[in-house]
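A.B. asks: The lines below spell out each chain.
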Amino acid sequence: AQSVTQLDSHVSVSEGTPVLLRCNYSSSYSPSLFWYVQHPNKGLQLLLKYTSAATLVKGINGFEAEFKKSETSFHLTKPSAHMSDAAEYFCVVSEVSGNTGKLIFGQGTTLQVKP
Amino acid sequence: DAGITQSPRHKVTETGTPVTLRCHQTENHRYMYWYRQDPGHGLRLIHYSYGVKDTDKGEVSDGYSVSRSKTEDFLLTLESATSSQTSVYFCAIRAPGTRNEQFFGPGTRLTVL
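These protein sequence lines are chains A and B, in that order.
Just so we're aligned: 93 in the working numbering is position 93 of the first sequence, and the numbers increase by one with no gaps anywhere.
Just so we're aligned: 66 in the working numbering is position 66 of the second sequence, and the numbers increase by one with no gaps anywhere.
Excised from the complex, chain A in its bound form (with noise of 0.2 Å):
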């Protein structure tokens, strides 16, 4: 079975420091693996993807997250933190085999950023 871990659920970061969001998933396939993103009071944004092409993968806002297979993870990171950074953000990872498109989530991160 497929799941997907996100090892903190809180992280807070100073604006202007790095942000490392992680992430370990379970999978039995060759896996995609996404990061999405939630303001308050939102619905979830797409911030960037894995889809078994290069395995550091850009995303929007000048995230960004590297696929290591042998470790099992997809951490999420960004330079520089800004206080629009603030949100809850949820690791996924999608089946591939058969034709369900099911997502799996984890239990979110908020991210909290500090002046």
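Bear in mind the hints are in silico, worked out from the structure with no lab data behind them.
A portion of the hints provided could be inaccurate.
[Unchecked claim] Computed list of lysine to aspartate or glutamate pairs in EDC-like fashion (alpha-carbon distance at most 20 Å, straight line): (1) A/102 <-> B/54; (2) A/102 <-> B/38; (3) A/42 <-> A/88.
[To be verified] Each pair of labels, with its calculated beta carbon distance range: (4) B/65 <-> A/54: 40 to 46 Å; (5) B/8 <-> A/39: 17 to 23 Å; (6) A/14 <-> B/52: 49 to 55 Å; (7) B/82 <-> A/17: 42 to 48 Å; (8) A/18 <-> B/22: 40 to 46 Å; (9) B/84 <-> A/7: 26 to 32 Å; (10) A/107 <-> B/86: 15 to 21 Å; (11) B/3 <-> A/14: 37 to 43 Å.
C-beta atoms are modelled at their ideal positions from N, C-alpha and C, and glycine is treated no differently.
Based on the hints, put chain B in the right spot on chain A.
C.D. replies: Relative to chain A, chain B alone:
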């Protein structure tokens, strides 16, 4: 933004009453999904559809039913709402030709008293 709307956006109802949530897309995509979001659980799949009249269960389908009579509309029904169904409900569509990239609607906040 993908053309997905949800209605209503907010609803308060009482235990035992039926409730129907609507998801409408303008993208003509084949796959549509209903998720619920609860603190500490991320989003969990309730039901999904892979075409008109073609639906299947997700991981938390008990107490919910769905229907899809047109490509653009996917309805989620709570036959008899319970307090445990208080949640935020999101609809999503799957972009064709991608490895399951999904776009989400704005959500419906449902409170069952």
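A.B. asks: Now tell me if each hint is right for this structure.
C.D. replies: Now for the hints, and whether the structure bears them out:
1. Taken as a hint, the residue 102 of chain A and residue 54 of chain B pair is honoured in the structure, with Cα atoms around 15 Å apart against an allowance of 20 Å.
2. As the CA atoms of residue 102 of chain A and residue 38 of chain B are separated by approximately 18 Å, the hinted pair is consistent with the 20 Å bound.
3. With a C-alpha separation of about 10 Å, the suggested pairing of residue 42 of chain A with residue 88 of chain A holds against the 20 Å cut-off.
4. Between residue 65 of chain B and residue 54 of chain A the C-beta distance comes to about 42 Å, which sits within the given range of 40 to 46 Å.
5. At roughly 21 Å, the beta-carbon separation of residue 8 of chain B and residue 39 of chain A lies within the given 17 to 23 Å, and the hint holds.
6. Taking the beta carbon of each, residue 14 of chain A and residue 52 of chain B are about 51 Å apart, inside 49 to 55 Å as hinted.
7. In this structure the hint that residue 82 of chain B and residue 17 of chain A lie 42 to 48 Å apart at CB holds, the actual value being about 44 Å.
8. Our hint of 40 to 46 Å for residue 18 of chain A and residue 22 of chain B holds, since their Cβ atoms are close to 42 Å apart.
9. At roughly 28 Å, the beta-carbon separation of residue 84 of chain B and residue 7 of chain A lies within the given 26 to 32 Å, and the hint holds.
10. The beta-carbon spacing between residue 107 of chain A and residue 86 of chain B, approximately 19 Å, falls within the hinted interval of 15 to 21 Å.
11. Taking 37 to 43 Å as the suggested C-beta distance range, the pair residue 3 of chain B and residue 14 of chain A conforms, at roughly 38 Å.
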